[in-house]
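Colleague: Residue strings, one per chain:
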Amino acid sequence: MNRHIDPGSMRTDDGIEKGGLLLQVDNISLSFGGVKAITDVSFDIRKGEIRAIIGPNGAGKTSMLNVINGFYHPQEGTITFRGERRDQMKPHQAVGQGIARTFQNVALFSGMSTLDNIMAGRAVMMKKNIVWQLLWHGPALNEEIQHRARVEQIIDFLEIQHIRRVAVGKLPYGLQKRVELGRALAMEPSLLLLDEPMAGMNLEEKEDMCRFILDVNQQFGTTIALIEHDMGVVMDLSDRVMVLDYGKKIADGTPDDVRGNQDVIDAYLGVPH
Amino acid sequence: MDLLNNLFIKPFQDMVSAPDFLMQVIWEGLVSGVLYALIALGFVLIYKSSRIFNFAQGIMVVFAALTLVGLHERGVPALLAVPLTLLVMFILAAAIERIVLRPLVNQPDIILFMATIGITLFLIGFGELIFGGENKVMITEDLMIPTGSYVFEPFGGFVLIEQKDLTAVVGAILLVLVLLLFLNRSKMGRAIRALGDDHQAALSVGISLSTIWVLVWFIAGIIALATGIVWGARAGVSFALEVIAFKALPVLMLGGLESVTGAIVGGLAIGVLEKLFEIYWGQPLLGGNTETWFAFVFALIVLLFRPQGLFGEKIIERV
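Taken in sequence, the protein lines are chains A and B. Just so you know, the numbering used here puts 13 at position 13 of the first sequence, and the rest follows in order with no gaps. Just so you know, the numbering used here puts 100 at position 100 of the second sequence, and the rest follows in order with no gaps.
Everything labelled a hint here was simulated from the structure, so no lab data went into it. Heads up, the beta-carbon is just placed ideally off N, CA and C, and yes, glycines get one too. A couple of the hints might just be wrong.
Claimed, not checked - Taking lysine to any residue and the SDA-like style, the derived pairs with C-alpha atoms no more than 20 Å apart in a straight line are: (1) A/248 to A/236; (2) A/170 to A/113; (3) A/90 to B/102; (4) A/90 to B/198; (5) A/90 to B/106; (6) A/170 to B/193; (7) A/90 to B/208; (8) A/170 to B/198.
Unchecked claim - Covered by chain B, according to a simulated footprint, are these stretches of chain A (three or more residues, beta-carbon under 8 Å): (9) 46-60; (10) 118-125; (11) 249-262.
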């Protein structure tokens, strides 16, 4: 379905075979003062899969993503990403290692155009001397052109050519979500964290987003961790599902395993704790 | 009838009958306008990258000028004192980031604004402690700024342009050009704009909050030094300089807080308009000294029609 993009060219090579361990989280506990957001959760993400994290509101899903990309620092536990073991991530480390993410409540640079927003995703990759950048000449210009070409591919892929120059603050919500995905893709991540990519969308927008997520996963080989409330979407898209409730892991397995799990059903229907 | 004549006819007759004087007035206005624009630029830069209204920009001007003159007084050659002052401004920027801004990340804007008032008070005390509170003279000649003047005689009249004012204008133009290139062309510039829009998102694409903040405060420091030299050469270096920071407020209202172009155009416009108003309306009709308030009234009137200022980003709100 996609004519403009060469899948091989965007595949990040991190030396891990498909199905190998990409991220492992061990015994993570996170609390804010007296509030325990996450209690002793361990799970792993394998290369090339779509891994869903589900659970009722306040279960600690977003906190878990924030721990993985370094926004929150857990009090206990370790994070092993691409073979490197750490007590905590820092945001720039996470980015440098190839973790990109989107946010539950769209976090875009609203005064900037779609193009600039996606270009911002490539900021860390631009290394040329600032003097060249100012002169707008020589190596820096070549570099800018290269990155720009890649960004145009992403814009084509997400079918947002028509809003290239529009300030993203003016765009409808569904398109903003798509631009946000574009910015994350521009980082050519090996692990992509999506925090409720379909929240607040209508059916058609959801279908589009599903298609993009599957394409990203299959064509670019990007591993995806996804938080989503729409169970239909989760069960269709994901390879494995982890369920959190009150900060604890209550189930982990294939969509079918999780669907039949009594704890999960209780958590969603509400049983006194 | 007389009043109407004085308001709407006589000033323009005066302008036409003495065009050389009019040119002199406009030139003087432009020079102070350049200074307002420079100060406003310092505000804009910090506001763009962090949504902090930096109350301390005025005192940073004084502090930079004081450091320069103070170092020279202690026997440092002028041309060495400039890079040393820049170093001091860099250390100041790093210290502000580490001690004041970092612990306050994610706090409401008003708290950060209060913190910059704190920085202002600290710099006043610290500056007086080290360099003393008495007025100083800017080391104009040691910095090799020419002090002569050119005289033109257009329309058989007489216009005097001081070389140090001309240097100030040319210097300011160069500074602004480099700054514009930096903001629009470099990846740092993009990062600065990005950071102002959304901290979280900026962090998630690998933009470092602390690096950019230090950088931006340092650039504001460079601008402060330039302003300090220029203004100091005209009016001497004293803590009274700080009040010109308040002149930047109407410039910012006029130009919009996010716009570099706005700061420049707003600064020049206010500089020229307040001079014209003072000479042709203020002195004959209101007994003079209108320059202290004209800018504020003018900005207020503009705000009535354009709440985001003349060049501000459109206020976009979706519900």
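Colleague: Next step is simple, just say for each hint if it's right about the structure.
Modeller: Now for the hints, and whether the structure bears them out:
Annotation: proposed proximity of residue 248 of chain A to residue 236 of chain A is violated, straight-line Cα distance about 24 Å (limit 20 Å). Distance hint between residue 170 of chain A and residue 113 of chain A is fulfilled; the C-alpha atoms sit about 10 Å from each other, no more than 20 Å. With a CA separation close to 15 Å, the supplied pair residue 90 of chain A and residue 102 of chain B stays within the 20 Å bound. Restraint check: the Cα-Cα separation between residue 90 of chain A and residue 198 of chain B comes to about 18 Å, which is no more than 20 Å; the hinted pair holds.
At roughly 17 Å between alpha-carbon atoms, residue 90 of chain A and residue 106 of chain B fall within 20 Å of each other, so this suggested pair holds. With a C-alpha separation of about 17 Å, the suggested pairing of residue 170 of chain A with residue 193 of chain B holds against the 20 Å cut-off. For the proposed pair residue 90 of chain A and residue 208 of chain B, the alpha carbon gap of about 10 Å is at most 20 Å, so the pair holds. Taking the CA atoms of residue 170 of chain A and residue 198 of chain B, the gap is about 16 Å. The hint holds against a cut of 20 Å.
Only residues whose beta carbon comes within less than 8 Å of a beta carbon in chain B count, and the stretch 46-60 of chain A has 0; fewer than three means the coverage is violated. Proximity of the stretch 118-125 of chain A to chain B, defined as three or more residues with a beta carbon under 8 Å from a beta carbon of that chain, is established by the 5 residues found. Counting residues of the stretch 249-262 of chain A whose C-beta sits closer than 8 Å to any C-beta of chain B gives 0, which falls short of three, so the coverage hint is violated.
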